[in-house]
Amino acid sequence: MITVFPAKSIITMNASMPSAEAVAVRDGKIIETGTLESLQPWLSKHDHEIDEQFKNSFIVPGLIDPHLHPSMAAVLLPTYFITAMEWKMPWGTTPATRSPTEYDERLKEALSKPTHGELFITWGHHNLWHGPISRSRLNSIDSKTPIVVWNRSFHEVCMNDAALELLEIKQEDVENATQIDFEKGRFYEIGLGYAIQKLNPYILAPEVFKEGLLKLKEVVHFGGQTTIADMAVGLFDFEAELNTQAALYENEDTPFRVELIAHATVMQKGNSVEQAEELIAKLPERNSHRLNFGKRVKLFTDGAFFSQVAQLMEPGYIDGHHGEWLSTPEQFEDNARVFWNKGYAIHVHCTGDLGLELAVDTLEKMQDERPRFNHGFTIEHFGLSTPEQIFRLSKLGANISANAYYVHELSDIYSNDSVGFERASSMARVGTSFREGITTTLHSDFTMAPAQPLMSMWVAVNRVNEKGNVMCEEERITPQQGLEAITINAARVLGLDHEIGSIRAGKKADFTVLQENPLEIDPLKIKDIEIKATVFEGKVFNIKTQ
Amino acid sequence: MIPVTVVAGYLGSGKTTLINKFLKEAESPIAVLVNDFGELNIDAELIDNQESLTLSLTNGCVCCKLSDDIGVSLESLKGKDITAVIIEASGISLPINIANYGLSWPGFSLKGILALADGQSIGSLLEDKFVGYTVKGQIEQADAILLNRSSGLSLEVLKGLNENIFLEEEVSNYTDLLSAKYYANHFIGDSPKEHASFQSSIFTSNKPIKRDDIKKYLLLNPNIQRAKGWVCEENGIYSLLQMTPSGCNFSPSSFKSQTRIVFIYTGKLSPFEF
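As they're listed, the protein sequences go chains W and C.
Take 8 as the starting number for the first sequence in the numbering used here and just add one per residue.
Take 79 as the starting number for the second sequence in the numbering used here and just add one per residue.
Just so you know, the hints here were simulated from the structure itself, not pulled from any lab data.
You may find that some hints are simply not true.
Among the chain W residues that face chain C by a calculated CB cut under 7 Å, a handful are [claimed, not checked]: (1) Asp180; (2) Val181; (3) Ala184; (4) Thr185; (5) Gln186; (6) Ile197; (7) Gly198; (8) Gly200; (9) Tyr201; (10) Gly277; (11) Gly327; (12) His328; (13) His329; (14) Thr335; (15) Pro336; (16) Leu365.
C-beta atoms are modelled at their ideal positions from N, C-alpha and C, and glycine is treated no differently.
With the rest of the complex left out, here is chain W (with noise of 0.2 Å):
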């Protein structure tokens, strides 16, 4: 049977048929695009039916997100989030709190429900709009149950007296410790390390961590994308990550498939990287019908751009600080040769432009060696870089895949307090790395920005900030390139171009629904256009509005 759905338009993002009234549909793939008309010589030989569910949207091809880690969003997700800016979720809106009295007022509220566990977590505090937190703030909140109030930067928690007694954190055992202030019930940086280790048995617990990951499975439908990368499988246990998605989401309910990439580091295990390869080279062996490892891996060479220990070239950081390797130089070049040789698809995590500079020198070295073609070595993050860089990335066969949502929430920040106007306003330059041809995607890195691809595409267009100003509006890109950056090219940089990505005769029948076309509204309200539903592999999967 071939399902056919009209649409007021559909954005085939297939440069040969560009847009297309009505696209045919069997057994998840899709048949054939073009008119009523059109479609006739498959429709007068076949039983059909015409759904027109969706006659009045605009259907773009399933939208995908080529970098996020479901299992840090599986650990933040069930926490009670009371934050300063609003969280748009599938289950209802976080609304803003911007002062401290607001801020206790949630908490109370949330601690009231008595839907919460045995240990009650709370994300999103932030000192400037919230005011200090306490011990003492907390125990006059609630001295019963167990807090635990999780900082918007992840660095810090504080604590009730209940939590450190579940906890059995004792002040003996930790006064000499100088990044725990114990009267005030604060554990930060290394003394963070000290609480999570207590909490880990609430946080990663098997079915604390199973809710995580089916509330991540209503986020991104929400966000309208039929394919997501899992850029590191193994972030905390590979095995428990690997089992409980696919106990999850391998079944017929699960509107989207997962691409898994492994993490070098974390199969090689104190083993040769050799070793490592090997390993990797099997795990195809465990793919099934919605999750897929490929001929993919995961290298890093610098710190976090969030945490500002992104690696950078002269003149730096205005504070005079410095970023962070998270291998050595040799390390990552000697990993690299191992994957280059066998014939992966090298993903680099690159945030500063030196770190950045590494890659680029690596990848260098091994055309040297040994060239390939379409080799699919990916920058990916892409904080700081340098026109020249982009050149070379270009000359090499590199491809891109940028966190444009930098722009929006760092740059002004960024501006004034880490790296100057100049480089902060030219972060995730994406228009230089369109201009050089080079296939570039934009990702959300979720939960570092939200799992919405149209928030990305919304972001690399206009390059507006949270402060509401156009940062350097020479490396915005046009709306159709945005598209093809959050369709095409993201299948092109995971190598599944050509199954999906786009909307033509014999691809899977993947589709986004939306309300408006997102190549004709203005594009400052991109990010605001209604999702209507996903089609995955041919099935309609409604998108319930709130």
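Start from chain W and add chain C according to the hints.
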């Protein structure tokens, strides 16, 4: 509390060789946390028991492979019969970051940071475009430097970064490298084991400190011979404090560290009241 010594240095600086010596010459049971067992060359007859992440030796020492989280590794040592911990910092670590575990993990205290340098390669490493800054930080942040395969040139370059250098051939007993007194004596230019009257004390704090309070304290305690360390001042300013009998100097530091000052003194010190 169990004292922690950090052994830092870039790839090829000789950390594994030194750790092997510590294990062999240990007079009382110690624990070493290493990045990789593979390079440790422990005789089979010395190994008592091996689990996946822990080697127990017949002399009571234990050798643990560091997990990503150093705190977890330290926690696993609690309750074991050991007198000291040595952490092998990875080649790209700034030792201050590792030393913070000695300062901050409940049940442990920081003894000191020992950095290793290979005289043949240190010059070019300090100029390297990717790791030059890290290697410089390893040398500057250490309490003492052990220089292997020295050349006159490298000694001079290193002295500009850290005066407290000793050469491999000066070391007769490797376990001395774990004693604060060794740092103390070496600090003021005398040979180890003499001047046993010198003592050292480490002051740490997680709160901002006023420069003037430190100066006052030094004036109140004229028996302090030397002081060196990082100070986190108010307004987020970080400085390097160096005090010798000829004076006290604060210079700006790009390392963001908690306050940690080593005092070398004779007799008794008044309590720290910063």
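Numbers of unmet hints, in rising order: none
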